[in-house]
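Asker: Sequence:
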Amino acid sequence: MMAEEVLRKARELEEKGLHEEAEEKYLEAVKEAEKEGSAVLGEAYLEVGLFYTKHGELEKALDFYMKSLSFYEKGGNEEGAADAAYNLCVSYLELGDYDEAEKYGLRAIETYLRKGLREGVADAAYALGLVYVGKAEVEKGIGSLQEALKIYSEDGNDDGVSSVLLDIGEAYYRVEELDKAIEYYQKAAKILEKTGDRLTSAYVTKRIGDAYGDKGDACRMINSYLKAAQTYIEEGERDAAREIIEEIEESLWDLTRSTRRTVVKKLDELKALLEG
Numbered sequence: 013m014m015a016e017e018v019l020r021k022a023r024e025l026e027e028k029g030l031h032e033e034a035e036e037k038y039l040e041a042v043k044e045a046e047k048e049g050s051a052v053l054g055e056a057y058l059e060v061g062l063f064y065t066k067h068g069e070l071e072k073a074l075d076f077y078m079k080s081l082s083f084y085e086k087g088g089n090e091e092g093a094a095d096a097a098y099n100l101c102v103s104y105l106e107l108g109d110y111d112e113a114e115k116y117g118l119r120a121i122e123t124y125l126r127k128g129l130r131e132g133v134a135d136a137a138y139a140l141g142l143v144y145v146g147k148a149e150v151e152k153g154i155g156s157l158q159e160a161l162k163i164y165s166e167d168g169n170d171d172g173v174s175s176v177l178l179d180i181g182e183a184y185y186r187v188e189e190l191d192k193a194i195e196y197y198q199k200a201a202k203i204l205e206k207t208g209d210r211l212t213s214a215y216v217t218k219r220i221g222d223a224y225g226d227k228g229d230a231c232r233m234i235n236s237y238l239k240a241a242q243t244y245i246e247e248g249e250r251d252a253a254r255e256i257i258e259e260i261e262e263s264l265w266d267l268t269r270s271t272r273r274t275v276v277k278k279l280d281e282l283k284a285l286l287e288g
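Under our numbering, the first residue of the sequence shown carries the number 13, and numbering increases by one thereafter.
Certain hints may be false.
With a straight-line cut-off of 25 angstroms between C-alpha atoms, the simulated DSS-like cross-links for lysine-lysine are [said to hold, decoys possible]:
| id | residue 1 | residue 2 |
| --- | --- | --- |
| 1 | K47 | K72 |
| 2 | K72 | K86 |
| 3 | K127 | K147 |
| 4 | K147 | K202 |
| 5 | K147 | K192 |
| 6 | K206 | K227 |
| 7 | K199 | K162 |
| 8 | K152 | K162 |
| 9 | K47 | K79 |
| 10 | K199 | K227 |
Simulated DEER-style distance windows between Cβ atoms [said to hold, decoys possible]:
| id | residue 1 | residue 2 | range |
| --- | --- | --- | --- |
| 11 | L39 | G128 | 33 to 43 angstroms |
| 12 | C231 | K28 | 42 to 52 angstroms |
| 13 | R232 | V187 | 13 to 23 angstroms |
| 14 | E24 | G68 | 40 to 50 angstroms |
| 15 | L107 | E246 | 51 to 61 angstroms |
| 16 | K152 | L107 | 18 to 28 angstroms |
| 17 | L264 | K227 | 17 to 27 angstroms |
| 18 | T207 | K152 | 49 to 59 angstroms |
| 19 | R269 | G155 | 45 to 55 angstroms |
| 20 | E36 | G208 | 51 to 61 angstroms |
| 21 | E48 | L286 | 53 to 63 angstroms |
| 22 | R186 | E91 | 25 to 35 angstroms |
| 23 | L107 | H31 | 15 to 25 angstroms |
| 24 | E106 | R126 | 25 to 35 angstroms |
Simulated from the structure, these hints should not be mistaken for laboratory data. For each residue, glycine too, the CB sits at the ideal point set by N, CA and C.
Turn these sequences into a full structure, and let the hints steer you where they fit.
Answerer: This is the structure we're talking about:
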């Protein structure tokens, strides 16, 4: 019981943004659970791993995910082991170790499928999709991402849907299937408008512009860039807006004279907002 109480306090400290104090409590919870032989030890290992993941300390996170996996496997807790394996997959993905990421992602999804855990299947399929794209197995990656998209869509998970749509767009962009990339970026933008995630929406709008630029459609590229810059300014992301404005200025001479005048006028309006 002591370990559970310490773990609860660690969560509270983390929620308050007290990083160092939370870390101390999480590690204390692990020690207490190890000393007690508590059933919450696997959970404690996992939560410490998640804590380190959130703060970008992936090597430390891996150590605790491995401990969690070992604990759950010894105890026959298949769902717990799958959760640990999934987090190992995501961590190795972040580190660019795609072979290890694939290994643990496959372990996770096999259990989630067998147990009928739809959310786990979707999350693992999503991670594996990114792994395969990272390994340049883009077609296979898109197939896995589509599996995740299907479940997120059926379950009404708009955040999951928009995120996967964006990554499918990025995968198509990577292999220069620009029309497909634009299609999925636009689908993502539609969901993001619904959920009100304006910063991600601005990023997606910029990516739509990038794709149009690669297609040689300077007018549509700049229209997308202007829209993205406007959103970034409204959301207080001035540096991002300035970078886009600079890109637009570099492309002005690709436009007709009349279109260029219109764009310059809009740029002046955006610059005034930046200075305001």
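Asker: Hint by hint, say whether it matches the structure.
Answerer: Hint by hint, here is what the structure shows:
| no. | hint | verdict |
| --- | --- | --- |
| 1 | K47 - K72 | holds (21 angstroms) |
| 2 | K72 - K86 | holds (22 angstroms) |
| 3 | K127 - K147 | violated (28 angstroms) |
| 4 | K147 - K202 | violated (29 angstroms) |
| 5 | K147 - K192 | holds (20 angstroms) |
| 6 | K206 - K227 | violated (28 angstroms) |
| 7 | K199 - K162 | holds (14 angstroms) |
| 8 | K152 - K162 | holds (16 angstroms) |
| 9 | K47 - K79 | holds (15 angstroms) |
| 10 | K199 - K227 | holds (19 angstroms) |
| 11 | L39 - G128: 33 to 43 angstroms | holds (35 angstroms) |
| 12 | C231 - K28: 42 to 52 angstroms | holds (50 angstroms) |
| 13 | R232 - V187: 13 to 23 angstroms | holds (21 angstroms) |
| 14 | E24 - G68: 40 to 50 angstroms | violated (22 angstroms) |
| 15 | L107 - E246: 51 to 61 angstroms | violated (35 angstroms) |
| 16 | K152 - L107: 18 to 28 angstroms | holds (21 angstroms) |
| 17 | L264 - K227: 17 to 27 angstroms | holds (18 angstroms) |
| 18 | T207 - K152: 49 to 59 angstroms | violated (29 angstroms) |
| 19 | R269 - G155: 45 to 55 angstroms | holds (47 angstroms) |
| 20 | E36 - G208: 51 to 61 angstroms | violated (36 angstroms) |
| 21 | E48 - L286: 53 to 63 angstroms | holds (57 angstroms) |
| 22 | R186 - E91: 25 to 35 angstroms | holds (34 angstroms) |
| 23 | L107 - H31: 15 to 25 angstroms | holds (22 angstroms) |
| 24 | E106 - R126: 25 to 35 angstroms | holds (26 angstroms) |
Checked against the numbered hints given earlier, this structure breaks hints 3, 4, 6, 14, 15, 18, 20; the rest are met.
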